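Based on these hints, arrange chain Z on the given structure of chain B.
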Amino acid sequence: MLGSSVEIRNVDKFFGDFQALDKVNLQIKRGEFFSLLGPSGCGKTTLLRIIAGLEYPDSGDVLFDGISVVSIPANKREANTIFQNYALFPHLTVFENIAFSLRLKKMSENEIREKVEKLINLVRLEGQENKKPIQLSGGQRQRVAIARALANEPKVLLLDEPVSALDAKLRQELLLELDNLHDQVGITFIYVTHDQAEAISVSDHVAVMNNGRIVQIGTPYEIYESPADRFVATFIGETNLMKAEVVDVNDEFIRVIAKGLGEFSCYKDKEVSKGDKILLTLRPEKIKISTKPLEGINSFHGVVEEEIYMGYQTKYFVRLDEGYILKIYKQHVNYLLDEKIIHWKDEVFVTWNPNDSFIVEVEKG
Amino acid sequence: MNPGKFSRLITFLILIFFYIPIFVVIMFSFNASKSPVWVGFSFMWYKELFTSSYTIWKAFLNSIIVAISASFVATVLGTLGAIGLYWGKFKGKDYIWIISYLPLIIPDIIIGVSLLIFFVFIKMKLSLLTIFIAHVTFSLPYALMIVFSRLQDFEYSIIEAAYDLGATEEIALFKVIVPISFPGILAAFFMSLTLSIDDFVITFFVAGPGSTTLPLKIYSMIRFGISPTINAISTLMLVGTIVMSIFMRKYLRYIF
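Chains as they are written, first to last, in our numbering: chain B, 956 to 1320; chain Z, 6 to 261.
Honestly, the hints are just simulated from the structure, not real lab data.
Please note that a few of the clues may not be correct.
[Stated by the list, open to error] Cβ-to-Cβ under 7 Å is the rule here; a few derived chain Z residues that face chain B:
| id | residue |
| --- | --- |
| 1 | P26 |
| 2 | I163 |
| 3 | A166 |
| 4 | Y168 |
| 5 | D169 |
| 6 | P188 |
Being a predicted model, the structure only gives us computed values, none of them experimental.
Idealized CB from N, CA, C, for every residue including glycine.
Here chain B stands alone, though its shape is the one from the complex (with noise of 0.2 Å):
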């Protein structure tokens, strides 16, 4: 099986008054595992279903390697979906439901036997073939689906939440085992889903939407280390957000003040000039927090405000000497011997590397 390139050129796409989407352009290489990210009603699910074919864009080009899909009906289009309630039928037995596609292209009762039990052993599912969905776990509905799907030799695979429904652990399963079989079968997966977490950990690259706008294409670590804008910034994992006032300029830096921080250096990822109304994004796990006065360009002193206590990490949340509030994760390692962990109300040294602050807004001052 080999996949498709998916290009989307200018799509629009209106419910009543709604615009769903509005000037969507994308472009997937053939083999990508790519998402769509974004919050519930950003027009995600909107665009997987155009890309299917069971939703028509009024406007806008839909391409597979490079030739115009969108005059041919979902039931010709070589793109098949895993719907994010599964949508098995009923009525017939995982063996039936991922036949479907092949009994209607009349293969033989041999070719469809064999077909349908090496999707069973991909999937694993052997044993099941004569249950019906009811019969079955999420995680078992989740497989028959995935190999009906793939049944009918598609050459880019649309999962719209597949997920979604299950329980904690088992997505975490499931989902390396999407991702396994992306490898095995190398067709392009277009995955959408509202879990910023699911959409980095899988992903080649990921599209970020919000009110049916596309805010960021590209890969995960660009998504969340350096993110477009507020919105980005907010939506992908937590951050602290800081306003700030351009006060110098250099080559690589700029120092900014900021009210309840005072003046610190960050790193000039986008063109300033003195006197910029600026918004700062700073990841809480990127600061460095110590009972200890702590060498670094952007040193702050603070109290710890509060403590919660993750197992895997620690969240604090320190007030600055100058009054803002900072939120840092501490994972649990010790380097030093006398090291103490930090605890409510200690005094706290806070530091971070100017490199790690990304620049989201900028206001012409």
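Chain Z in isolation, oriented as in the chain B frame:
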């Protein structure tokens, strides 16, 4: 008296209230006399029913022909209508829905009269055909409602999945929609069958000479004095109904 005993007593009394008349009919069908006084056990009325009651059997046959054909047509139309009303997107859907189930509420006598006037108006001879048309007319809303309620059980994405996997609309209809809603369709058919066999008022208006159905026949017999053969045929029909309801027990939940 504790509440448990009380409610048991009430249940018992209600069941007696329901079933005593039916029990009386069964009892007198085995009575060895024409008068409604118990004389002794006998099969004489069954014998008469099977040997010298040609007109009753003729009427019974008419009832069966009309019931099966009208129920079949009403179920097919009702199923298609329910699918259209449930998933179709068109203007005035709400109004079509209302006029579809209105015949459930309109009194039989009005339907009967209006059908009669209509048949006279289009100069159609009253016969089994007019009875068939009338029965399709009043069964259709029931069939539609029953299938419609069954469709509410499954999600549209199942049909989309069928399209997605290469099915045309016809294949989706016959391989997915109809099989999944089959219990509802069967329930609609049985409901129509019961309504049709049972109907007196509407049939009374649209029946012509030589097209007497069983309820009409029984009514006309009563006018010449009660013959216990009526008790016999009633008992037989009762047995038939009980057998049928046991057979379709698993589908009954789609009616109620």
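Structure-based check of all given hints:
no. : hint : in the structure
1   : P26  : violated, 42 Å
2   : I163 : holds, 5 Å
3   : A166 : holds, 4 Å
4   : Y168 : holds, 5 Å
5   : D169 : holds, 5 Å
6   : P188 : violated, 10 Å
Hints 1, 6 from the list above are not met by this structure, while the remaining hints are.
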